[in-house]
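A.B. asks: Got chain P sorted already, so can you dock chain L onto it with the hints?
2 protein chains.
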Amino acid sequence: MLILDGIGDRPVKEIGNRTPLEAAHTPNLDRFATNGVNGIMDTIAPGIIPGSDTGHLALLGYDPYQVYSGRGPFEASGLDMNLHRGEVVFRCNFGTLEEGIVTDRRAGRIKDGTDLLAKAINQMKFDIDFVFKESVEHRAVLVFKDPNLGPLVSDTDPHLEDRPLLVSRADDNNLPNLRTAGLINKFTEMTTAILSEHPVNLERVERGEPPANVILSRGAGSVPDMSSLESLKGIRSAVIAGIPLVRGVCGLAGMDILSAPGATGGLDTDLESIFKTIVGNIDDYDFILVNIKGPDIPGHDGDHSCKIEFIEKIDAALPLLESMEDTYIAITGDHSTPVMVKNHSGDPLPLTIIGKEVRVDDVASFGERSCAKGGLGRIRGMDLLNILLDLAKRAEKFGA
Amino acid sequence: MLILDGIGDRPVKEIGNRTPLEAAHTPNLDRFATNGVNGIMDTIAPGIIPGSDTGHLALLGYDPYQVYSGRGPFEASGLDMNLHRGEVVFRCNFGTLEEGIVTDRRAGRIKDGTDLLAKAINQMKFDIDFVFKESVEHRAVLVFKDPNLGPLVSDTDPHLEDRPLLVSRADDNNLPNLRTAGLINKFTEMTTAILSEHPVNLERVERGEPPANVILSRGAGSVPDMSSLESLKGIRSAVIAGIPLVRGVCGLAGMDILSAPGATGGLDTDLESIFKTIVGNIDDYDFILVNIKGPDIPGHDGDHSCKIEFIEKIDAALPLLESMEDTYIAITGDHSTPVMVKNHSGDPLPLTIIGKEVRVDDVASFGERSCAKGGLGRIRGMDLLNILLDLAKRAEKFGA
Numbered sequence: 165m166l167i168l169d170g171i172g173d174r175p176v177k178e179i180g181n182r183t184p185l186e187a188a189h190t191p192n193l194d195r196f197a198t199n200g201v202n203g204i205m206d207t208i209a210p211g212i213i214p215g216s217d218t219g220h221l222a223l224l225g226y227d228p229y230q231v232y233s234g235r236g237p238f239e240a241s242g243l244d245m246n247l248h249r250g251e252v253v254f255r256c257n258f259g260t261l262e263e264g265i266v267t268d269r270r271a272g273r274i275k276d277g278t279d280l281l282a283k284a285i286n287q288m289k290f291d292i293d294f295v296f297k298e299s300v301e302h303r304a305v306l307v308f309k310d311p312n313l314g315p316l317v318s319d320t321d322p323h324l325e326d327r328p329l330l331v332s333r334a335d336d337n338n339l340p341n342l343r344t345a346g347l348i349n350k351f352t353e354m355t356t357a358i359l360s361e362h363p364v365n366l367e368r369v370e371r372g373e374p375p376a377n378v379i380l381s382r383g384a385g386s387v388p389d390m391s392s393l394e395s396l397k398g399i400r401s402a403v404i405a406g407i408p409l410v411r412g413v414c415g416l417a418g419m420d421i422l423s424a425p426g427a428t429g430g431l432d433t434d435l436e437s438i439f440k441t442i443v444g445n446i447d448d449y450d451f452i453l454v455n456i457k458g459p460d461i462p463g464h465d466g467d468h469s470c471k472i473e474f475i476e477k478i479d480a481a482l483p484l485l486e487s488m489e490d491t492y493i494a495i496t497g498d499h500s501t502p503v504m505v506k507n508h509s510g511d512p513l514p515l516t517i518i519g520k521e522v523r524v525d526d527v528a529s530f531g532e533r534s535c536a537k538g539g540l541g542r543i544r545g546m547d548l549l550n551i552l553l554d555l556a557k558r559a560e561k562f563g564a
Numbered sequence: 165m166l167i168l169d170g171i172g173d174r175p176v177k178e179i180g181n182r183t184p185l186e187a188a189h190t191p192n193l194d195r196f197a198t199n200g201v202n203g204i205m206d207t208i209a210p211g212i213i214p215g216s217d218t219g220h221l222a223l224l225g226y227d228p229y230q231v232y233s234g235r236g237p238f239e240a241s242g243l244d245m246n247l248h249r250g251e252v253v254f255r256c257n258f259g260t261l262e263e264g265i266v267t268d269r270r271a272g273r274i275k276d277g278t279d280l281l282a283k284a285i286n287q288m289k290f291d292i293d294f295v296f297k298e299s300v301e302h303r304a305v306l307v308f309k310d311p312n313l314g315p316l317v318s319d320t321d322p323h324l325e326d327r328p329l330l331v332s333r334a335d336d337n338n339l340p341n342l343r344t345a346g347l348i349n350k351f352t353e354m355t356t357a358i359l360s361e362h363p364v365n366l367e368r369v370e371r372g373e374p375p376a377n378v379i380l381s382r383g384a385g386s387v388p389d390m391s392s393l394e395s396l397k398g399i400r401s402a403v404i405a406g407i408p409l410v411r412g413v414c415g416l417a418g419m420d421i422l423s424a425p426g427a428t429g430g431l432d433t434d435l436e437s438i439f440k441t442i443v444g445n446i447d448d449y450d451f452i453l454v455n456i457k458g459p460d461i462p463g464h465d466g467d468h469s470c471k472i473e474f475i476e477k478i479d480a481a482l483p484l485l486e487s488m489e490d491t492y493i494a495i496t497g498d499h500s501t502p503v504m505v506k507n508h509s510g511d512p513l514p515l516t517i518i519g520k521e522v523r524v525d526d527v528a529s530f531g532e533r534s535c536a537k538g539g540l541g542r543i544r545g546m547d548l549l550n551i552l553l554d555l556a557k558r559a560e561k562f563g564a
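If you read the protein sequences in the order shown, they are chains P and L.
The opening residue of the first sequence carries number 165 in the working numbering; numbering runs sequentially from there.
The opening residue of the second sequence carries number 165 in the working numbering; numbering runs sequentially from there.
Pulled out of the complex, with its shape left as it was, chain P reads as follows (with noise of 0.2 Å):
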């Protein structure tokens, strides 16, 4: 499953109505397409705006419904963290607090020390246990380790800068909401006052840097009860993936983490050879999910030609996964971010599926407009990964 993410668009008028996968020069997606079953696909559902969390659950076969109450488990997750059911996490962010007001997010995007500081926090006595861990740059992750908290609170990040940091609320009257929203406030004036005294922060003071004296929390969710994709479909998984949330993600879903060298989230990344470690271990997996972050970049930037460009740039490459004679192979995305609209948006999804047996249609190009006269029809991303097992003979039959 080739997830190009954000790929879907719109017309954009400065390119002849077209959108930037049906403008660009794609004669090998085009050619898969040809070779195929195309459709279009709502991620979630029509309409729907997907995050690439809850899209890449989706894709995944879970109900994000079900499973998603915020980002900070699957963003903990991504880091590696031993997590478990019903514990809460926070995303979260080393902030420069000055008499109440939040005068900068990321503390200066402080690079040294976040270690010492959160040793720290981890040494201070508080009342649930708790742990906190520092990742790149000013970002963070919090997991409050107790069984009686619910996930249902707002965030003490103000989102913007010059505004005073914020008291955490619970959504509703809900005990283990209402104890979360207490206890993630407390932690906050406590490392606040341990932080500010830290022989880090006084030396940054001391060299004219930002403080990185307060802790910025947002998207709170609990850890979901999540089957492994093993235990539900019977299926060895691995994910590739540039990006630490969609890896969190598949993590959860107890699928293995491959690397392949030089692939980073961004227009930089090493298209070959993500290609090449797929091939190179499509043996030993049943199922391998690949996101490549790059279309959805100049997506949010609302740069039709960059877009174009990175895409023309998958185009090229794509022939390297023509070796893999016995695996079916879809290509799609995860959600659209259409040019014009600068951020992800609930537009279907162009999708295209090759294999030796799939019903062949006479689609002959891969765009969001000629994938939806396709044999496929419109189908939702929670049902992708069964249509690839059952085209691979590795579904089990429902019924006697």
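Just so you know, these hints were derived from the structure itself, not from any lab.
Everything numeric in this text was worked out from a predicted model, so none of it was measured.
Keep in mind that a hint or two might mislead.
Pairs count within a copy or across copies, as identical chains cannot be separated in the list.
Claimed, not checked - Taking lysine to aspartate or glutamate pairs in the EDC-like style, the calculated list, with each CA pair at most 16 Å apart, reads:
id : residue 1 : residue 2
1  : 537       : 353
2  : 477       : 436
3  : 397       : 326
4  : 297       : 326
5  : 537       : 373
6  : 561       : 370
7  : 440       : 554
8  : 275       : 367
9  : 177       : 521
10 : 537       : 526
C.D. replies: Using the frame of chain P, we list chain L on its own:
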């Protein structure tokens, strides 16, 4: 609703990458498609492989995930047994046991005396009420008539010969399932003792025939809480089907069972008789479901020529249906049985609906890929009956 069992297929190289249905000469089916509205249908959901039982449940509008726990009750219903909600039903074989090893799963396909063996079993004193009923040859059905039992237990039938008789185990630690497992193991032990000493078996041994001295059980399921089609949709309905399992599903839906002289579940079935039976009864019912098992058989055998031949036989008999002027006819299948798979698959089925007021589309042949371009798009099996009742003005408005 004319169900051509296993009709769906995948492209087959030897016949020019066409499916058997596409390769068959079917002027009548094609005329139906030309005069109808067409589409493709996932009986349960995309990529989900239906059994004959779960598939027909979906075609009658029931959600098999709600009502299906195992094949047992549907098999028993096909034998006209009086069943009650919650009772746990097993499919059984009379088998031959030698020192703990199942040496013959069918006790030499025993033909005579199973009624006497069943009588001896039913006279046995046991922990709970039960009914054991013999069927054709070595087959039988067992009903545990106790409200405190669960259906989630494994088979005692090893499914292969020269293997040990299995101990049934509950799928989980829920008490109702644990009770059932304990009871079926005790039942197996006690009946083996009774059967071994029974005159029918003593005579078989004397004649050098394998004794029917063990009851092998499989497919446990609890009798579902299924409201009848009459109470759910206010319609009188009937079924014509060669295979008992389909009759059993329809029986639990409260449908009348019609018989067509000469109709069987095989390739030798009398198609003209089936179609004449439809025409002869259509005035007495709002809805008739007809299952023609034929196409499924060469699908399982991997024989595309035979599948083509049988499809052409169906096509030749089809004009008999054209006398029913005021009737809406849907032609589809319950699942695909591709000759390359030799088993059921989750590939969607072609579907055509004809009748006075359908939105006739421009599809001109009845096939997997031609129907995919039709005006119905891609629908689910659970929706088909509702579509037909709506077309025929037999449905009720939801809301005001």
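A.B. asks: Hints first: check each against the structure and report whether it holds.
C.D. replies: Right, here's what the structure says about each hint:
{"no.": "1", "hint": "537 x 353", "in the structure": "neither (57 Å within a copy, 60 Å between copies)"}
{"no.": "2", "hint": "477 x 436", "in the structure": "within (10 Å within a copy, 53 Å between copies)"}
{"no.": "3", "hint": "397 x 326", "in the structure": "neither (49 Å within a copy, 30 Å between copies)"}
{"no.": "4", "hint": "297 x 326", "in the structure": "neither (26 Å within a copy, 57 Å between copies)"}
{"no.": "5", "hint": "537 x 373", "in the structure": "neither (58 Å within a copy, 62 Å between copies)"}
{"no.": "6", "hint": "561 x 370", "in the structure": "neither (68 Å within a copy, 43 Å between copies)"}
{"no.": "7", "hint": "440 x 554", "in the structure": "neither (25 Å within a copy, 37 Å between copies)"}
{"no.": "8", "hint": "275 x 367", "in the structure": "within (14 Å within a copy, 89 Å between copies)"}
{"no.": "9", "hint": "177 x 521", "in the structure": "between (39 Å within a copy, 9 Å between copies)"}
{"no.": "10", "hint": "537 x 526", "in the structure": "both (9 Å within a copy, 11 Å between copies)"}
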